[in-house]
Amino acid sequence: MVMAVVEVSIVPIGTAGTSLSAYVARCVDVLQGEKNIRYQLTPMGTIMEGDLDLILSVVRRMHEVPFTQGIARVVTTIRIDDRRDKELTMAGKVSAVEKKLK
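Counting in full-length UniProt numbering, the sequence shown runs from 1 upward without gaps.
Honestly, I wouldn't trust all of these hints.
Straight line, CA to CA, 27 Å or less: simulated DSSO-like cross-link-like pairs of lysine-lysine [stated by the list, open to error]: (1) Lys-102 with Lys-86; (2) Lys-86 with Lys-99; (3) Lys-86 with Lys-35; (4) Lys-35 with Lys-93; (5) Lys-100 with Lys-86.
Since the hints were derived computationally from the structure, they do not count as laboratory data.
From a predicted model like this one, the values you see are computed outputs, not experimental measurements.
With these hints in hand, go ahead and build the complete structure from the sequences.
Set out below in structure tokens:
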């Protein structure tokens, strides 16, 4: 199975305060309903693993969430690692680096 690893960061612009965690939580709610995407919440974004078309569809829905909360501007950054020569997973990428640590 071909899988991609995708990092997404969704930043609502023009919020009333400086905290964004409530907006992020609502975006992650979208992911929790997706059984075919594994994800990991990180301090600076969310990393997902799965079918690229499905992930991009979910990212689009996540991008829309702040607009439903009254935000007029959202900046979404997406980084895609799509490897076709061998299996690609979040754990595999971390393991490859950890094996090289001294």
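A quick look at each hint next to the structure:
no., hint, verdict
1, Lys-102 with Lys-86, "holds (26 Å)"
2, Lys-86 with Lys-99, "holds (18 Å)"
3, Lys-86 with Lys-35, "holds (23 Å)"
4, Lys-35 with Lys-93, "holds (21 Å)"
5, Lys-100 with Lys-86, "holds (19 Å)"
Checked against the numbered hints above, the structure breaks none of them.
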